[in-house]
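2 protein chains.
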Amino acid sequence: MNNYFEYIESNKNKFLEELIEFLKIPSISSDTSYNSDIIKCADWLVEHLQKIGLKNSKIIQTKGHPIVFSEWLEAGSDKPTVLIYGHYDVQPVDPLELWESHPFQPEIRNGKIFARGTADDKGQLFTHIKAIESYLRTNSQLPCNVKLLIEGEEEAGSSHLEEFILENQDLLKCDIALISDTEWFAEGMPTICYGLRGISFFEITMTGPNRDLHSGSFGGAVDNPANALCKLISKLKDEYGRITIPGFYDDVLELTGQERMEFKKLPFNIKHYKQDLGIKEVYGELGYSTLERVWARPSLDINGIISGYTGEGAKTVLPSKATAKISMRLVPNQKASDIAKKTEKYLRTLIPPTVKVEIKFLHGGNPVLVPINSREIKTAVNALQKAFNKDVVFMREGGSIPITEIFQNVLKAPPVLMGFGLPDDNVHSPNESFSLENFYGGIKSSAIFLDEISK
Amino acid sequence: MNNYFEYIESNKNKFLEELIEFLKIPSISSDTSYNSDIIKCADWLVEHLQKIGLKNSKIIQTKGHPIVFSEWLEAGSDKPTVLIYGHYDVQPVDPLELWESHPFQPEIRNGKIFARGTADDKGQLFTHIKAIESYLRTNSQLPCNVKLLIEGEEEAGSSHLEEFILENQDLLKCDIALISDTEWFAEGMPTICYGLRGISFFEITMTGPNRDLHSGSFGGAVDNPANALCKLISKLKDEYGRITIPGFYDDVLELTGQERMEFKKLPFNIKHYKQDLGIKEVYGELGYSTLERVWARPSLDINGIISGYTGEGAKTVLPSKATAKISMRLVPNQKASDIAKKTEKYLRTLIPPTVKVEIKFLHGGNPVLVPINSREIKTAVNALQKAFNKDVVFMREGGSIPITEIFQNVLKAPPVLMGFGLPDDNVHSPNESFSLENFYGGIKSSAIFLDEISK
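Chains A and B, in that order, give the protein sequences.
Per the numbering used here, the first sequence runs over residues 1 to 455.
Per the numbering used here, the second sequence runs over residues 1 to 455.
Honestly, I wouldn't trust all of these hints.
Heads up, the list lumps identical chains together, so a pair's fine if it works in one copy or across two of them.
[Stated by the list, open to error] Below, in silico cross-link-like pairs of lysine-lysine (DSS-like), each with a Cα-Cα straight-line distance of 25 Å or less:
#, residue 1, residue 2
1, K231, K315
2, K12, K280
3, K335, K271
4, K378, K79
5, K356, K231
6, K237, K356
7, K335, K237
8, K265, K390
9, K342, K315
10, K386, K412
11, K342, K231
12, K14, K147
13, K63, K315
14, K341, K235
15, K360, K231
16, K345, K231
17, K390, K274
18, K51, K24
19, K455, K386
20, K147, K412
21, K356, K235
22, K231, K274
23, K40, K55
24, K315, K341
If you are wondering where the hints come from, they were derived from the structure by calculation, not from laboratory data.
Same shape as in the complex, but just chain A (with noise of 0.2 Å):
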């Protein structure tokens, strides 16, 4: 069985230096001007795919930038099959200046390698290619049938995605979604995420009068917008950091006392949170810590307000109009759907006679739980225990990545969100890293799961 650990461990150095080669491709997909090297990216995975031994590995066009498509199916269909998930674009690098080394000129330091895309998900995404590498050169044949769906828009919304997923039901169907795009809880703790929160994000705009006024002369006779806008929102909220939008909570899943327990086992330091975060106190919903309210309860936030004059000095304008941008993240069982239709409901009651409302709903993503005690998380535990020799721990994180509900709901596939990131890594900011020791014990993490489950 170990013969791949024996290939992996002389393959290091090739190994980083494909990586290294992946990562110097800036396939930015958020800016437009980087649309060739996407094109240029999407083409050399594919060709490397092929050398590796994925023969069916192909770039499938959509309205956006192109899916990489592989498939490996001569397992036979008494062996499951995994879909493996990845992203091949990566996040702006502004501001530049902030960076040690190039964003696009990888370099190695102190055990971990520097680019923008490291860890996010270039890097991770190549634990499972050189995983299925490994095991093919070793045994020229993988354990069980895969399939491999990398898109090019992870970091511009995934954009088209969900409609290929929709649209292509037969060609990814699979009995597992395995997922590296996540982080440890620290350094050293070989992680599984089980919860995601979902998100329901809607922008509302209040017009007052039908133009900018004097607050001289109109002030104290007409409605302000921005003031009736920020009563509205000041609404949303009880004393208690409660969501005061009816039937809100109704689907919430409490945690269980098993998860309370856990959480609370994990060297989490309110201190050092506070310190880093520059903050007196910390704040949310009665009766949850820190941990819970991040990974466990929904929250509600204004991601951006204006209206009137924002620039230097005073101005004593009356503004015409106000918008506020406001997010909510949802846990389990709740449904962004719903959650869209409540969140309306309740503002429409809030508003005064004296403005006019437009509610637009953004987008939304439901949230995930997956079953830790099923037997792919019980393999991918067991698979980061041997590769990296410590014990797992699990947790859920407080943000969205609302393609793994589409694999739970549509796909009917388990997601495993194994990932191999660190909390230091820097993604999305400049000088994101991944450290090498999660990269190699990535690879014989995913190599090891990949022959368990087939077992």
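Based on the hints, put chain B in the right spot on chain A.
Positioned in the frame of chain A, the structure of chain B alone reads:
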């Protein structure tokens, strides 16, 4: 006595041509690229004043744009001294494409002259200059002592005028301050303005975490300064539209029954008001009419608010900072300094321990109330009646002319707000205009006022 009337009647065309010359100089004070036009305009004015017989006319430099000052003191110490205040600077003209004729190429249409600065304030100021000319030409002297204080920074906040007055109280010593920079309640209704609101303008910045955070990873556990700011703002007014700052109403002078009755008599049409503003309902302090709210009750308005991401679409940021600009309009006998103190004290009680706050008071100005039974107001009423052959009404204005209060309290000169503008003059907007009937009537009113105040 009425020989100056004839001079005015027979020189209407000449007066208009001179006003056109004055209006052609684009003396925009808030845009430094017009600085040479400001100088040109001040020079033109001094030369013009000397030409009409005011030999002691001169430029006085300030730290900003120059003041034009003139005095004629030959009436002797037993005659009153009238200080006439006006400004030669004008507002910017954007958006230029909405002007039907060029803002600095004056055009006569339908009995009005259209150009930037016609009503605000070159045309109104010019009524006094032409009244003085008419009187001097026909009587070879003036009936009283006259001083002219004409500033070039009114549209840029009169930044250096208060300091100039404080430092030149002897130079500016006078018995009455005559100001024509207000408007009539309606066309055909000569109006004396006897009250102005004051102002207290502050900016409040809340800081939560020391950097923008991901709303998924931190939302619900770290206070959001935008939400916190909305909550604070929502606590500044109660459900009856009253400002909740403790002691805020302590010095508010209630309207008299007589005043409320006079306001009710004015032809104010609430239906047209709402239609013009495009609002379904007016809004304000319970128990007061719209005119009462604007003219005699304090108000509190957000003039601007900004936080987080305000571009297109969605961005899931938990912002580090949120800022609002907030102004309060004050009424007699509130004091801006007292209100600033009370406001800051109250704001401090509303700040949660989860955010840091900076409060900056940007400026303040006291309200003005002029006793309407004084000799100078009666003289102004009489002058307007004679000049226009119409009944005179009294009104207040919701806006602030902070310099009025300085005349009243520093120079101890009762202000007479005898304006000639009309509500549809489009002051500060494209297609600013000034009624020619009001221009010529204004010249007569000013001449009669100077004449009768001297008796």
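We went through each hint and held it up to the structure:
1. K231 / K315: Answer is both: 22 Å inside a copy and 23 Å across each meet the 25 Å cutoff.
2. K12 / K280: Close neither inside one copy (45 Å) nor across copies (71 Å); limit 25 Å.
3. K335 / K271: neither (34 Å within a copy, 45 Å between copies)
4. K378 / K79: Classified as within: same-chain Cα gap 18 Å, cross-chain 103 Å, threshold 25 Å.
5. K356 / K231: both (15 Å within a copy, 21 Å between copies)
6. K237 / K356: both (22 Å within a copy, 20 Å between copies)
7. K335 / K237: within (19 Å within a copy, 36 Å between copies)
8. K265 / K390: For K265 and K390, the Cα distance is within 25 Å only inside one copy (16 Å; across copies 86 Å).
9. K342 / K315: Classified as between; 22 Å across copies, 38 Å inside a copy.
10. K386 / K412: neither (28 Å within a copy, 90 Å between copies)
11. K342 / K231: Both: 19 Å inside a copy, 22 Å across copies.
12. K14 / K147: Within one copy, since 24 Å is at most 25 Å while 90 Å is not.
13. K63 / K315: between (45 Å within a copy, 22 Å between copies)
14. K341 / K235: Within one copy only: 17 Å inside a chain, 28 Å across chains, cut-off 25 Å.
15. K360 / K231: both (19 Å within a copy, 22 Å between copies)
16. K345 / K231: Both, since 17 Å and 21 Å are each at most 25 Å.
17. K390 / K274: neither (29 Å within a copy, 71 Å between copies)
18. K51 / K24: within (19 Å within a copy, 78 Å between copies)
19. K455 / K386: within (16 Å within a copy, 108 Å between copies)
20. K147 / K412: Within one copy only: 15 Å inside, 88 Å across.
21. K356 / K235: both (18 Å within a copy, 22 Å between copies)
22. K231 / K274: The answer is between: 23 Å across copies meets 25 Å, while 29 Å in one copy does not.
23. K40 / K55: within (19 Å within a copy, 81 Å between copies)
24. K315 / K341: Between. Shortest inter-copy distance 21 Å satisfies the 25 Å Cα cut-off; intra-copy 38 Å does not.
In summary, the numbered hints that this structure violates are 2, 3, 10, 17.
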